[in-house]
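J.: If you want the building blocks of each chain, they are given just below.
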Amino acid sequence: MLDIKNLKASITGKNILKGISLHVKRGEIHAIMGPNGSGKSTLASVLVGREFAEVTEGTITYMGNNLLEMSPEDRAKEGIFLGFQYPIEIPGVSMVNFMKTAINEKRKHLGLEPLSASDFLKMMREKKELVEIDSKLANRSVNEGFSGGEKKKNEIFQMAMLEPKLAILDETDSGLDIDALKIVANGVNKLKRPDNAFIVITHYQRLLDYIVPDVVHVLYDGRIVKTAGKELALELEAKGYDWIKKEVENNVVA
Amino acid sequence: MEKEQDKILDEVTSGKYKYGFYSDIDTEQIEKGLSEEVVKIISAKKNEPDWLLEFRLKAYRHWLTMKMPTWPNLKIPEIDYQDIIYYSAPRQKPKLNSLDDVDPELKKTFDRLGIPLEEQKHLSGVAVDAVMDSVSVKTTFKETLAEMGIIFCSFSDAVKEYPDLVKRYMGTVVPYTDNFYASLNSAVFSDGSFCYIPKGVRCPMELSTYFRINAANTGQFERTLLVADEESYVSYLEGCTAPSRDENQLHAAIVEIIAEKNAEVKYSTVQNWYPGDKDGKGGILNFVTKRGMCRGENSKISWTQIETGSAITWKYPSCILRGDNSTGEFYSVAVTNNHQQADTGTKMIHIGKNTKSTIVSKGISAGKGQNSYRGLVKILKNASNARNFSQCDSLLLGDKCGAHTFPYLEVDNQTAIVEHEATTSKIGEDQIFYCNQRGISTEDAIGLIVNGYAREVINKLPMEFAVEAQKLLEISLEGSVG
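Which chain is which? The protein sequence lines are E and S, in order. Read in order, the letters of the first sequence correspond to residues 1 to 254 in the working numbering. Read in order, the letters of the second sequence correspond to residues 1 to 482 in the working numbering.
Treat the hints with caution; some may be incorrect.
Computed cross-link-like contacts, PhoX-like style, restricted to lysine-lysine with a CA-CA straight-line distance of at most 25 Å [unchecked claim]:
#	chain 1	residue 1	chain 2	residue 2
1	S	Lys426	E	Lys151
2	S	Lys266	S	Lys75
3	E	Lys100	S	Lys460
4	E	Lys100	S	Lys426
5	E	Lys192	E	Lys151
6	S	Lys471	E	Lys108
7	S	Lys160	S	Lys58
8	S	Lys199	S	Lys160
9	S	Lys460	S	Lys266
10	E	Lys230	E	Lys165
11	S	Lys75	S	Lys347
12	E	Lys192	E	Lys165
13	E	Lys18	E	Lys5
14	S	Lys471	E	Lys100
15	E	Lys8	E	Lys246
Simulated from the structure, these hints should not be mistaken for laboratory data.
Modelling step: build the complete structure from the supplied sequences, incorporating the hints.
T.: Spelled out as structure tokens, the structure:
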């Protein structure tokens, strides 16, 4: 589904991603871990098309299409979803209005009729229950006055509503207590299907106890330096990122 | 990615001002310039009674003693008052009874503007008095309203048919000495609407008037007088369009509203005058004096305005809360884009006891627009238990525009409670990107955000106006990205 080849990207002239290659298949959950500054969020930014992340080399193929030539809106309509690390507030715009607009844009793109008001409200109710999000949250303006945890839950709720093919979760677990974490992970697990895929970006192994990945990558200094199964996450938890850094240095020396 | 976005914005921005056309109707104009002679000619052409000519002349003589005010936060181009035509009327045939007899060119113009003068309008319950360049062309459903005793006609007609009513109220809320532009208007006003709702009558339909400035260099000096007698109710809509011209066009109107005991008037405006082009050339100068007098006890006057047009907007729809327990409200959304300027707000003067006023002002600035809110809440010494709530918010799109707030609070009574809140916010790139990432285009995102911001005011408009207003907001902000 997603094929990244030798991706290099910079922000304001500084090289952040220095040659990333990654292949994600349908039905897979990939975890990307790494210390601060390794380029995790930059990778997410490139995938969703943020302007400040400038791609200098490499290709990204998504479902056979050149992703880098698609606008952010089109990428979204083609099923890419980003759970933001810092979801922004949009006062005055109700979640209902926001979601209805987004869903109907996607449906238009797919040649479908827009959802009727009653069908839409029914869908909202179903998804609210599915991801166990408070009714109150869904009736307010987008993220306005939400706590950090509520914002993250709202990201999962939107993901449930939009039913993406490729969901990228950028440090969704940061700032969450254990209960909120479980709710978020639960939501993700309920949305997992054989025909969609997830890229879970996280610092800590803790989330991966609940969202079990198929593949774990470690990003360090703009490169994927290690790829393995879920045990890698546990190893990192035990040994810390220093272990990875030493390994990388040793390899260079060697 | 950047290029894609710019391409879309270019396409949308270059969409011409929708109402920019000039209709080719036989108009009768007088020479440019202003003098006592001109005032007399205007009065004569309209067959006015002597008392009205006297009023005009007094106003003109007073105007000569006045100077244009310089205190607003506006850059106003030099106006040569002698370089304006003060009277322009389409050549009219004698009074007609049926729609079939209206000048077909005229009718076509109104169709293009989307003003249906046919009976079908009756089904949607709106009576329309269409003003075409200084002269009222047609008053629809005069008969239907007449059955209820409601008078809704052109100002000129009112002067002839209801002179006592006009004499009693005209100039009582905005005297001809009030300000420079009020004096000018009082001298050369062309026409406008007159509305009288008799005691105890609730007007069943929304009354509406469309303005249109047609020929080049004609000032539009409209005069509207709206009287709601005791226990009555009326909702009045004012919507304006104007053709695209190069020279600035002066619009100095007066609107006077009187609400007697237990009466209520809702006055809504959607203003879409030509704002000038992207480089700030041309556009309407909208200098208006609007004031309502809550004369009787428990009376209420609400002003709701959506101002998106004009090169310069200078107006303060106000309420004088004379009657005890009277209420004044002001809800406004003012947009300045490209090179537009606005210095607008309201004055709430609390005179009676237990009076209440509410002010909600939402300014939106984009491009190089400069938007100023100027509000006065004045509570006189004997105005006990007065209450005021004011909220002025500014929304900025981009970093070349400006928003300014000049609130004035003059409180001379200790029992008054005055609350004032103000916020300033910006539509950030992050907010727009959040929408993009959910599949919503940048234009739609701005539309969503702006309409969410203005929602509280838009909700005050009559339904059909509300829809037009939302569209208007989106269109007026095309090409401005946070």
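J.: Each hint: holds or not?
T.: Quick rundown of the hints versus the structure:
1. As the CA atoms of S/Lys426 and E/Lys151 are separated by approximately 21 Å, the hinted pair is consistent with the 25 Å bound.
2. Restraint check for S/Lys266 and S/Lys75: not satisfied, since their Cα atoms lie roughly 32 Å apart, outside the 25 Å limit.
3. Proximity of E/Lys100 to S/Lys460 is assessed by CA-CA distance (about 24 Å); at most 25 Å being required, the pair is judged to hold.
4. Between E/Lys100 and S/Lys426 the alpha-carbon distance is near 24 Å, which keeps this suggested pair within the 25 Å criterion.
5. With a CA separation close to 21 Å, the supplied pair E/Lys192 and E/Lys151 stays within the 25 Å bound.
6. Of the supplied pair hints, the one linking S/Lys471 and E/Lys108 holds, its CA atoms being roughly 20 Å apart against a limit of 25 Å.
7. Between S/Lys160 and S/Lys58 the CA atoms are separated by roughly 20 Å; this keeps the pair inside 25 Å, and the hint holds.
8. For the hint linking S/Lys199 to S/Lys160, the alpha-carbon distance of about 22 Å falls within 25 Å, and the restraint holds.
9. Distance restraint check for S/Lys460 and S/Lys266: the Cα-Cα separation of roughly 9 Å lies within the 25 Å cut-off, and the hinted pair is therefore satisfied.
10. For the given pair, E/Lys230 sits about 22 Å from E/Lys165 by alpha-carbon distance, which is consistent with the 25 Å threshold.
11. Of the supplied pair hints, the one linking S/Lys75 and S/Lys347 holds, its CA atoms being roughly 22 Å apart against a limit of 25 Å.
12. Distance check on the hinted pair: E/Lys192 and E/Lys165 sit about 10 Å apart at the alpha-carbon level, within 25 Å; holds.
13. The hinted pair formed by E/Lys18 and E/Lys5 meets the criterion: a straight-line CA distance of about 11 Å does not exceed 25 Å.
14. Between S/Lys471 and E/Lys100 the CA atoms are separated by roughly 18 Å; this keeps the pair inside 25 Å, and the hint holds.
15. At most 25 Å may separate the alpha-carbon atoms for a hinted pair to count; E/Lys8 and E/Lys246 meet this at roughly 23 Å.
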